[in-house]
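The hints should help you fit chain B onto chain A, whose structure is shown.
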Amino acid sequence: MPRLSDLSLTWYAALPNDRALVGALQQSLMIATITAVLATGMSLLAALAYFELRAQRTAWFLTVILPMFVPGVIQGLALSAVFTRSGIKASSLTVIAGHLLWAMPFAFIVILTSFAAVRRSYLTAAADLGATRWRQFVDITLPLIRPGLISAFIFSFLLSLNEFTRAFYLAGRQNTLPVVLFGKMNSGASPVIYAMSGTIFLVSVACVALASMHFMLRLKLSPAGRALR
Amino acid sequence: MTGPRLPVSSVLMTPPLLTILALGLAPLTIVVVWSFWSWDPSTYWIKPDLSLAGYAGILEAGRWTVIVSTLVKAFGTALLCLLIAYPTAYAVHFLAGRRLSIILLALITIPFFTSYLIRSFSWRLVLGRTGVLNTWLQDLGITNAPVDWLLFSNFAVVVGLVASYLPFATFPLLLSMRRVDPTFLAAAQDLGAGFWKSLTSILLPLTMPGIFAGFLFVFVMVVGSSTEVQMLGGAGASIVSVMINDVMRVANYPLAFAISTIVLIVIFGLVLIGNRIFGLASLFEDQSP
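From first to last, the protein sequence lines stand for chains A and B. All residue numbers for the first sequence refer to the working numbering, where the first residue is 1 and numbers rise by one. All residue numbers for the second sequence refer to the working numbering, where the first residue is 1001 and numbers rise by one.
It cannot be assumed that every hint is accurate.
[Stated by the list, open to error] No farther apart than 25 Å at their CA atoms in a straight line, the calculated lysine to any residue pairs in the SDA-like style are these: (1) Lys184(A) / Ala1237(B); (2) Lys184(A) / Ile1058(B); (3) Lys184(A) / Arg1119(B); (4) Lys1047(B) / Phe1036(B); (5) Lys184(A) / Val1126(B); (6) Lys89(A) / Gly1234(B); (7) Lys184(A) / Thr1130(B); (8) Lys184(A) / Gly1234(B).
In short, the hints are calculated from the structure, not lab data.
Just chain A, with the same shape it has in the complex (with noise of 0.2 Å):
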């Protein structure tokens, strides 16, 4: 067992030094933002049609949330088979496609929970003053579910950034850091793998402690958030 006067930080200082760790760290914040960004646009899309759809409702969020029942492995095969056929060679895009499928129906879920602040008769009273569709979804749809945009984005941003499975079938040339670190670690650890799965682990705890405290601020600021519990 190492002990405490042991801690150094070592590698941490040798990780900018290490070409292939870094560039596929870049690789996978690059592909995280992107599949964020689309994610949750998407997302919000289908919450929306969920909430303006009556009869069909539990017919369109089993659409939406089926792919996350559908085993990484056969994702992220099925999905290369198909691109292999179509001519698409492997590269970001093809990875982005793939992580965009996966992240969709969790900023999904926690959109629509977040849809439960905005009360129907809201929106009918602003309709009354005469508010068209648009002006009640920049006013009072909008403001409501902000919470539930920055969750869903943070959400489909760690999804993707830590997701192997998928990324393993579907990266080009440059692989993304879980693909890298999967490689490393089955060929004897080096020291950086740690250092490297420490930050990414840190990242994520950091992300994750400043949604809780943004969702603290609004708890304490605003009567809004009695809707929260």
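Chain B in isolation, oriented as in the chain A frame:
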């Protein structure tokens, strides 16, 4: 509110629907279609055909036992997760104050957001022969020699799986507890019902959708898991995802997709039956009129 209603929802639905069809349905169609194609072991080529060779391959080399043991593992892990998650969700929702409950929620969420890879790998450091747990056991004098079955065993796999997928059970349970009208519990208490009585006759029945959703989420995630088994399982340990991966080493798409088809039928069947009985969608719906 006399404007045309349907077009709005259709317009909103189009982009996500197209994404799901292109990225979700198209690959699944390929999975089912290719599972009936034939594969030539000498060239590794596949060609369009209507053969059941892929499905026959499942019965060879004990592959079906891997499928069965995966389902058993998934069932057990899901039950274990529920046993741990129910008291957790209860504490967060009923016992903790608002501030504490947010902190607890954040703590519960963290494993969900950290890489499965990193977490599985870390368990090696905890459960290994020279790991934290074995060192403690020996320091406390409980054992003299390192306990071997802690790592690279089914025990380690189940520990890794429970740790990975616990949040998937906790969150649906929390959502279902939020939908329980607290006056029911207060009324039961007024009428003299003790903790166990109100738990079994009010809380458990009312949170059934959450219990089922939590079970389902964990079950499905375990069926699809691979890293935990690869990192923590013993020699020869397998699970469906690892088996598919192995089959793909020789590009045997028909066999890989035949296994996938069977797994997907089981999963989608469970989801649809569960939705019919418990109404999964209602868990996430807005409660406002």
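For this session: Quickly compare the C-alpha distance for Lys184(A) and Ile1058(B) to 25 Å and report which way the hint goes.
Result: Roughly 32 Å separates the two Cα atoms, so the pair is violated.
Exercise. Going straight from one Cα to the other, do Lys1047(B) and Phe1036(B) come out at no more than 25 Å?
Worked result: Status holds; Cα separation ~10 Å.
Exercise. Given the hint that Lys184(A) pairs with Arg1119(B), does the C-alpha gap stay at or below 25 Å?
Worked result: holds, 15 Å
Problem set entry | Given hint Ala1237(B) paired with Lys184(A) - CA-CA distance at most 25 Å | holds, 21 Å
Exercise. Under the criterion that the straight-line Cα-Cα distance not exceed 25 Å, is the pair Lys89(A), Gly1234(B) satisfied?
Worked result: Given pair Lys89(A), Gly1234(B) is violated - Cα atoms ~36 Å apart, limit 25 Å.
For this session: Sort out whether Val1126(B) lies within 25 Å of Lys184(A), counting only the CA atoms.
Result: The hint holds at about 19 Å.
Exercise. Given the hint that Lys184(A) pairs with Thr1130(B), does the C-alpha gap stay at or below 25 Å?
Worked result: holds, 21 Å
Problem set entry | Hinted pair Lys184(A) and Gly1234(B), Cα distance within 25 Å | holds, 20 Å
Checked against the numbered hints above, the structure breaks hints 2 and 6 and satisfies the rest.
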